[in-house]
Amino acid sequence: IARLHEENEKLKTRLKTIELQATNALDEKSKLEKALQTIQIAQGDQKFNTTQDVTELENTMANLKCQFEKTLQDNTASQKSLEENLVSTKHDLLKVQDQLALAEKELEKKFQQTAAYRNMKEILSKKNDQIKELRKKLSKYETDD
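Counting in the working numbering, the sequence shown tops out at residue 145, every number present.
Please note that the accuracy of each hint is not assured.
Derived CB-CB ranges, DEER-like [what the hints assert, rightly or not]:
| no. | residue 1 | residue 2 | range |
| --- | --- | --- | --- |
| 1 | 78 | 121 | 49 to 59 Å |
| 2 | 104 | 143 | 46 to 56 Å |
| 3 | 30 | 50 | 41 to 51 Å |
| 4 | 51 | 84 | 28 to 38 Å |
| 5 | 86 | 61 | 28 to 38 Å |
| 6 | 51 | 86 | 48 to 58 Å |
Lysine-lysine pairs mimicking BS3-like chemistry, simulated, CA-CA at most 27 Å apart [to be verified]:
| no. | residue 1 | residue 2 |
| --- | --- | --- |
| 7 | 126 | 110 |
| 8 | 90 | 70 |
| 9 | 109 | 95 |
| 10 | 29 | 12 |
| 11 | 137 | 121 |
| 12 | 95 | 105 |
| 13 | 136 | 121 |
| 14 | 109 | 126 |
| 15 | 127 | 137 |
| 16 | 95 | 80 |
| 17 | 80 | 70 |
| 18 | 47 | 31 |
| 19 | 110 | 127 |
It is worth saying that the hints were derived from the structure and are not from the lab.
As the structure is a computational prediction, the values presented were derived from the model and not from experiment.
Ideal Cβ positions, reconstructed from N, Cα and C, are used throughout, including at glycine.
Take the sequences, apply the hints, and build the full model.
Listed below in structure tokens is the structure:
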């Protein structure tokens with residue numbers, strides 16, 4: 001009986017040890033499950049955040065692309081407008097130059113029709129004739145020497 005008692009005590013002790021180990025294992029298991037759930041939630045949040053970040057970046061890229069295209073269209077329209085203005089200004093300049101040349105010709109013609117111009121022209125013609133005569137006389141004297 002003593003041996004059975006002793007064996008019974010050993011088994012009780014062993015049972016308590018095994019129960020304690022089982023309880024510790026269950027506690028450890030629940031801690032690990034909680035940690036796993038926390039990690040899974042964190043990963044889910046990360047995936048959500050990553051997906052959200054990617055979506056935000058895609059939206060930003062789409063907005064930038066739209067802005068770039070709008071700016072490009074505006075610049076193209078502005079350049080076209082400037083080129084048209086340049087062509088128009090060149091045509092206007094040519095018209096003004098033609099008008100100026102015509103006005104100068106008319107002014108010259110009117111000036112030539114004035115009495116003072118005709119008188120100066122006559123005087124100049126007479127002086128030229130005098131110079132020619134003087135040169136002839138001079139050449140006669142020079143050949144005699």
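Here's how the hints hold up against the structure:
no.: 1; hint: 78 x 121: 49 to 59 Å; in the structure: holds, 58 Å
no.: 2; hint: 104 x 143: 46 to 56 Å; in the structure: holds, 47 Å
no.: 3; hint: 30 x 50: 41 to 51 Å; in the structure: violated, 30 Å
no.: 4; hint: 51 x 84: 28 to 38 Å; in the structure: violated, 49 Å
no.: 5; hint: 86 x 61: 28 to 38 Å; in the structure: holds, 37 Å
no.: 6; hint: 51 x 86: 48 to 58 Å; in the structure: holds, 52 Å
no.: 7; hint: 126 x 110; in the structure: holds, 23 Å
no.: 8; hint: 90 x 70; in the structure: violated, 30 Å
no.: 9; hint: 109 x 95; in the structure: holds, 21 Å
no.: 10; hint: 29 x 12; in the structure: holds, 25 Å
no.: 11; hint: 137 x 121; in the structure: holds, 24 Å
no.: 12; hint: 95 x 105; in the structure: holds, 15 Å
no.: 13; hint: 136 x 121; in the structure: holds, 23 Å
no.: 14; hint: 109 x 126; in the structure: holds, 23 Å
no.: 15; hint: 127 x 137; in the structure: holds, 15 Å
no.: 16; hint: 95 x 80; in the structure: holds, 23 Å
no.: 17; hint: 80 x 70; in the structure: holds, 15 Å
no.: 18; hint: 47 x 31; in the structure: holds, 24 Å
no.: 19; hint: 110 x 127; in the structure: holds, 24 Å
Going down the numbered hints, you'll see the structure goes against 3, 4, 8, while the others check out.
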